Amino acid sequence: MEANKNIRVVVGMSGGVDSSVAALLLKQQGYDVVGIFMKNWDDTDDRGVCTATEDYEDVIRVCNQIDIPYYAVNFEKEYWDKVFTYFLEEYQAGRTPNPDVMCNKEIKFKAFLDHALSLGADYLATGHYAQIREENGRFQLLRGKDANKDQTYFLNQLSEDVLAKVMFPLGHLEKDEVREIAREHGLATANKKDSTGICFIGERNFKEFLSEYLPAQPGEMRTLENEKIGMHDGLMYYTIGQRQGLGIGGPGAPWFVVGKNVEENILYVEQGHDPKSLYSDGLIATQVNWINEDLIQDTFECTAKFRYRQKDSRVTVHVLANGDVQVLFHEQERAITPGQAVVFYDGDICLGGGTIDKVLKNDEELKYVG
Amino acid sequence: MFFIQPLRFRFYFNKVLENLAVLINHEKRFINDEEGTVFMEEIYLDHAATTPIHEKVLTTMYQIMNDTFGNPSSIHSFGRKARSYLDQARRVMAESINANEKEIIFTSGGTEADNLALIGTAMANKDKGKHIITSAQEHHATLYAAKYLEKQGFKVTYLPVYPNGQISVDDLKKSLTDDTILVSIMTVNNETGIIQPIEEIGDLLKEHQAYFHTDAVQAFGQLAIDVKKLNIDLLSVSAHKINGPKGIGFLYAAEDVLINALQYGGEQERKRRPGTENVAGVVGMQAAVEIATASRHERIEENQRLKAVFLQTLREHDVNFMINGDEELAVSSIVNISFPGINVESMLTNLDLSGVAASSGSACTAGSVEPSHVLVAMYGEGNERTTNSIRFSFGLGLTPEMMVEAANRVSNIIKRLTN
Numbered sequence: 001m002e003a004n005k006n007i008r009v010v011v012g013m014s015g016g017v018d019s020s021v022a023a024l025l026l027k028q029q030g031y032d033v034v035g036i037f038m039k040n041w042d043d044t045d046d047r048g049v050c051t052a053t054e055d056y057e058d059v060i061r062v063c064n065q066i067d068i069p070y071y072a073v074n075f076e077k078e079y080w081d082k083v084f085t086y087f088l089e090e091y092q093a094g095r096t097p098n099p100d101v102m103c104n105k106e107i108k109f110k111a112f113l114d115h116a117l118s119l120g121a122d123y124l125a126t127g128h129y130a131q132i133r134e135e136n137g138r139f140q141l142l143r144g145k146d147a148n149k150d151q152t153y154f155l156n157q158l159s160e161d162v163l164a165k166v167m168f169p170l171g172h173l174e175k176d177e178v179r180e181i182a183r184e185h186g187l188a189t190a191n192k193k194d195s196t197g198i199c200f201i202g203e204r205n206f207k208e209f210l211s212e213y214l215p216a217q218p219g220e221m222r223t224l225e226n227e228k229i230g231m232h233d234g235l236m237y238y239t240i241g242q243r244q245g246l247g248i249g250g251p252g253a254p255w256f257v258v259g260k261n262v263e264e265n266i267l268y269v270e271q272g273h274d275p276k277s278l279y280s281d282g283l284i285a286t287q288v289n290w291i292n293e294d295l296i297q298d299t300f301e302c303t304a305k306f307r308y309r310q311k312d313s314r315v316t317v318h319v320l321a322n323g324d325v326q327v328l329f330h331e332q333e334r335a336i337t338p339g340q341a342v343v344f345y346d347g348d349i350c351l352g353g354g355t356i357d358k359v360l361k362n363d364e365e366l367k368y369v370g
Numbered sequence: 001m002f003f004i005q006p007l008r009f010r011f012y013f014n015k016v017l018e019n020l021a022v023l024i025n026h027e028k029r030f031i032n033d034e035e036g037t038v039f040m041e042e043i044y045l046d047h048a049a050t051t052p053i054h055e056k057v058l059t060t061m062y063q064i065m066n067d068t069f070g071n072p073s074s075i076h077s078f079g080r081k082a083r084s085y086l087d088q089a090r091r092v093m094a095e096s097i098n099a100n101e102k103e104i105i106f107t108s109g110g111t112e113a114d115n116l117a118l119i120g121t122a123m124a125n126k127d128k129g130k131h132i133i134t135s136a137q138e139h140h141a142t143l144y145a146a147k148y149l150e151k152q153g154f155k156v157t158y159l160p161v162y163p164n165g166q167i168s169v170d171d172l173k174k175s176l177t178d179d180t181i182l183v184s185i186m187t188v189n190n191e192t193g194i195i196q197p198i199e200e201i202g203d204l205l206k207e208h209q210a211y212f213h214t215d216a217v218q219a220f221g222q223l224a225i226d227v228k229k230l231n232i233d234l235l236s237v238s239a240h241k242i243n244g245p246k247g248i249g250f251l252y253a254a255e256d257v258l259i260n261a262l263q264y265g266g267e268q269e270r271k272r273r274p275g276t277e278n279v280a281g282v283v284g285m286q287a288a289v290e291i292a293t294a295s296r297h298e299r300i301e302e303n304q305r306l307k308a309v310f311l312q313t314l315r316e317h318d319v320n321f322m323i324n325g326d327e328e329l330a331v332s333s334i335v336n337i338s339f340p341g342i343n344v345e346s347m348l349t350n351l352d353l354s355g356v357a358a359s360s361g362s363a364c365t366a367g368s369v370e371p372s373h374v375l376v377a378m379y380g381e382g383n384e385r386t387t388n389s390i391r392f393s394f395g396l397g398l399t400p401e402m403m404v405e406a407a408n409r410v411s412n413i414i415k416r417l418t419n
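Chains as they are written, first to last, in the working numbering: chain A, 1 to 370; chain B, 1 to 419.
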């Protein structure tokens with residue numbers, strides 16, 4: 001405790017209950033805690049109020065309650081250049097990007113970490129549900145104790161160097177316990193609803209939001225046999241495996257999105273309770289990051305997640321010469337979606353991950369998945 | 001009624017003063033240093049934002065609040081007592097700017113005074129014209145009142161600001177039309193401290209129908225202001241910028257100025273500002289005005305010394321910096337400094353963490369620091385000075401030793417951030 005007072009920890013505070021409790025716990029452990037709110041997106045609501053204002057107000061209230069200084073920092077430009085531009089480009093390419101992975105990589109654990117260090121911080125802390133294990137000067141990323149909230153999926157692009165400067169004070173807690181701690185201490189955010197959806201879109205209609213930035217090009221919906229079934233509003237509005245909102249219901253089995261052809265602007269759909277065409281047995285991932293790179297072999301078995309909050313599946317990973325990976329599934333997987341992250345685990349250790357680029361079946365690329 | 005035993009009162013009061021002495025400018029707290037824990041002094045260099053309350057102001061207010069609670073509008077003895085305090089204070093305000101008592105309207109502060117000056121006169125004089133002239137570097141209390149008037153059908157000209165920090169009287173001359181009913185130019189800019197050509201503007205408007213309003217919130221106590229000599233029709237003052245209490249200020253409006261109230265209610269302030277007067281605030285402001293007026297020369301010299309020591313120490317440390325605006329045109333209490341290669345948010349946070357309180361531009365409601373509209377007006381959008389400048393402002397309770405210490409800390413941070 002006494003020694004901690006000379007250790008400055010900057011806590012990234014969003015105005016939510018998780019980062020509030022993270023700051024509280026660090027304060028209780030005696031650290032020199034500084035709360036900082038990141039403003040990444042410039043937006044005003046119907047009343048002309050900057051949407052970040054309410055969140056910052058909550059940061060102020062909590063920081064005053066736990067008696068730590070608070071500040072804000074603006075990363076709108078960095079966010080636009082590094083996260084939002086990528087987000088739009090991926091949609092334009094017919095993929096389903098994961099901006100949270102990119103935000104962690106480029107903003108929270110890069111620009112924001114640099115900012116924290118410029119303030120003399122020894123560590124950056126966030127309210128993520130993940131754990132860091134230090135052993136003999138090496139750092140590993142472990143799943144959060146709360147299996148349901150584990151956020152290592154979004155942290156797969158962090159490096160060991162970054163982990164050495166990071167703290168996740170909530171990693172050993174369950175979400176319920178975090179709420180309970182917040183209530184016990186009467187924190188202003190104790191009962192605040194968790195934010196949902198992508199941070200910059202907030203509660204708004206996703207389709208409407210996207211259409212403000214990308215022109216929607218309606219086109220045909222076809223089966224894989226090229227039978228025209230209907231029209232789509234623009235490929236970017238659909239994701240692989242999607243069932244709702246296709247406008248082609250009616251009698252019989254449901255319809256699913258199974259693929260996209262960006263060049264010809266065709267959305268592929270198939271009917272059935274669980275169409276075979278949604279299944280695949282492998283993938284190629286690019287932008288691969290290994291957290292402890294030197295410990296990775298050329299070929300190894302592990303488990304993987306292809307979406308957030310999905311159960312792990314057993315896979316065999318082949319690291320290719322260019323650093324990309326080929327991932328072969330031990331059992332067929334449903335609705336593997338290009339643009340999403342594939343994240344690898346060895347037990348509780350998060351090994352790293354990459355971006356799903358191609359989907360394979362019987363060693364061939366599934367062309368219709370796009 | 002509420003009584004405090006004289007002895008107990010004195011005890012508490014002395015305690016209050018003791019604590020106050022600690023609070024003003026040098027609140028002590030522990031920080032961590034490379035050598036271990038050291039005693040750190042917090043140094044307040046943000047006197048343009050607000051000022052510590054003067055001991056005498058506090059004493060006066062405490063006594064008034066303890067002694068008088070009547071409503072100045074009441075016709076009984078309690079009311080009369082409160083009213084007499086109000087009258088006395090009004091005389092002091094009037095004398096401080098060479099106005100007469102009828103010309104002083106108490107307001108809740110500078111913002112209300114500016115709003116009342118612009119909106120109140122525009123609405124009352126719209127049959128004479130619908131054109132208003134102000135500048136791009138005014139305080140938001142003026143700028144946003146002008147924007148509101150634009151929505152109400154008035155035409156507003158925003159005069160440009162030059163890199164020296166001043167507007168040009170020539171530009172003003174060219175903008176004046178027969179339709180112009182009001183010119184609002186601040187006496188001293190709150191971010192740069194640059195004194196505006198108020199005298200020339202007053203001269204120019206002598207023969208014009210337009211009223212001349214000046215926001216003197218930063219100037220009061222720094223410059224001698226004679227509204228008659230300077231031909232000023234409306235002038236705003238705030239108490240908390242001159243070591244007085246928050247929540248009180250006044251608008252001077254010359255007797256012949258037509259002005260509408262913005263609020264509806266009682267007949268206080270000659271119907272120009274309804275609402276029961278903030279008697280303790282007014283009396284506190286009176287004390288602050290008396291002190292500011294009596295000690296103006298010493299304060300200017302003192303601030304000059306503080307500023308000089310601060311800048312000299314920065315130079316001794318070879319800190320790379322430029323002063324925004326023409327140094328010769330600035331009041332002694334403010335200096336706005338551009339530090340090439342630094343980022344305002346990081347700098348201000350670092351300064352605060354090292355115990356130096358300063359500021360920059362205006363924070364957005366979500367806390368992040370936006371480029372200052374004043375520096376944008378002076379240097380143009382995108383100029384690096386708009387994102388690397390810090391305002392330091394000086395006043396009561398600071399010593400040359402504190403300025404050396406503050407400059408040392410600034411220098412350490414700059415070196416850390418730019419290396």
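Hints in this document: simulated from the structure, not taken from any laboratory. Model, not experiment: these values are computed from the prediction. Hints may be right or wrong, so weigh each one.
What the hints assert, rightly or not - With a straight-line cut-off of 25 Å between C-alpha atoms, the simulated BS3-like cross-links for lysine-lysine are: (1) A:Lys165 - A:Lys192; (2) A:Lys311 - A:Lys361; (3) A:Lys207 - A:Lys27; (4) A:Lys165 - B:Lys415; (5) A:Lys276 - A:Lys149; (6) B:Lys415 - A:Lys110.
Verification of the hints:
1. A:Lys165 - A:Lys192: violated, 29 Å
2. A:Lys311 - A:Lys361: holds, 21 Å
3. A:Lys207 - A:Lys27: violated, 42 Å
4. A:Lys165 - B:Lys415: holds, 23 Å
5. A:Lys276 - A:Lys149: Outside the cut-off at roughly 31 Å; violated.
6. B:Lys415 - A:Lys110: It holds: about 22 Å lies between the C-alpha atoms, which stays within 25 Å.
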